[in-house]
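Trainee: Note that the protein sequences, when read in sequence, are chains A and B.
Using my numbering, you'd call the opening residue of the first sequence number 15 and step up by one each time.
Using my numbering, you'd call the opening residue of the second sequence number -1 and step up by one each time.
One or more hints might be untrue.
Said to hold, decoys possible - Simulated restraints on C-beta separations:
1. B:190 - A:22: 18 to 24 Å
2. B:163 - A:127: 41 to 47 Å
3. B:111 - A:130: 31 to 37 Å
Unchecked claim - Computed list of lysine to aspartate or glutamate pairs in EDC-like fashion (alpha-carbon distance at most 20 Å, straight line):
4. A:80 - A:70
5. B:22 - A:36
6. A:80 - B:162
7. B:22 - B:43
8. B:156 - B:146
9. B:22 - A:176
10. B:156 - B:109
11. B:129 - B:43
12. B:22 - B:33
13. B:22 - A:177
14. B:156 - B:33
15. A:80 - B:33
16. B:156 - A:81
17. B:22 - A:130
The hints are simulated quantities; they were obtained by calculation from the structure and are not laboratory data.
The C-beta atom is built at its ideal place from N, Cα and C for all residues, glycine as well.
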Amino acid sequence: MPDATAPNVFTRAQMGWVSFVEPLAESALTAQHMAALIDAARARSEYFRLLARDPDALEHRTRTDKDIFYNTQAGAPRADRELAAAAVSRFNGCIYCCSVHARFAATYAKREADVDRLLAEGVGADLGERWNAIVAASVALTAIPMTFGPEHVARLRAAGMDDLAISDIIQAASFFNWANRLMLSLGEPSADRPPNGAAR
Amino acid sequence: MDVIDTLVGIVPGSRMDALRDGRKVARTHAQRSYEVLLTPTTPGDFGIAERFAVAAYVAGLHQAPPTAAHYSEALATHGGAALARAVAAAVAQTLAQGPSGAYPPGPLSIEDTPAPVFALSPEVAAALGPKLVAGLAHAHYLVLHPRDAAPSRFPPLKAAGWTDDSIVSLSQLVSFLAFQIRVVAGLGVLAATP
């Protein structure tokens, strides 16, 4: 059951995260674990020390993540990729992930009001045609069964996106179906813990 | 060509090959994720046949034909035809739409939707055995109503033989597949929409 301090609304505010399963102790991290964390500062994060129980899976998850979101050579702008992440998180119901990527989307796009509308109203919010197209594509890929079709590709193209940008949206939305499930299932957000730096 | 390329039907030198190469690091590590989660060199207490059973179940629940066929064939190879039949029956008995579930009580409660029930026939449960039944029950909620997370989901897993390490690997496997299945579906549509 959710604890009394678990946030129960979608917000751009920072929050902490508490694991349901025992993370590794910082003192128990070996060189292999540290390599899998990639960024040594993550040793302080409960989330990453929990995922370090399968270091190979953690390492390849993180390298996949970083290229999909941080490789800015052509393709979709960062803001669009973060919007896809926030929309998937809103639709799946991951309050923690949504807070992180709503902040990123708002920061990169400088569109705080539109991001807040997504958080408040959900994935049907009117964010303007380009963002509506990105949200609709992300939701169609997230639904089970999936409903993503040629009409979503056509709409993204009509909004000015080339194929690498569309592939970035597909990969960003798909990746958040990975990230949401780890964050949601292995622990829960907590308002009385300090932000733990677990970006995803 | 990696698993995603194979399932999408991407051939070297094609437009889609060039697109995937535009995110070469993600391409490499999506495949490495597949390898370390499905066929790790040291599988620990989460065996290779169990991994493919979970994968075939997750792909089946997604109703995504190319990926589901890939994993059911791989399960028959790694786990045998009887286990593959039991997993296919488990998919048929527990198919549902998603995502659904309940939020922490509060303003979002008006968005709560009923979660699908995970119930297997006694024959299928017997064929899978208690450890895989618990693993598939966990996968079912993770795929279809992940917002119904709770600490109370872990004791049944542990009672069925899942350790803390293998619970993390199980969670990574199900969650990775949620990614891979969607990349294959999404790129498949993009490939077919020149």
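Trainee: Going through the numbered hints above, which ones does this structure break? Give me the numbers in ascending order.
Mentor: 1, 3, 5, 6, 7, 10, 14, 16 and 17
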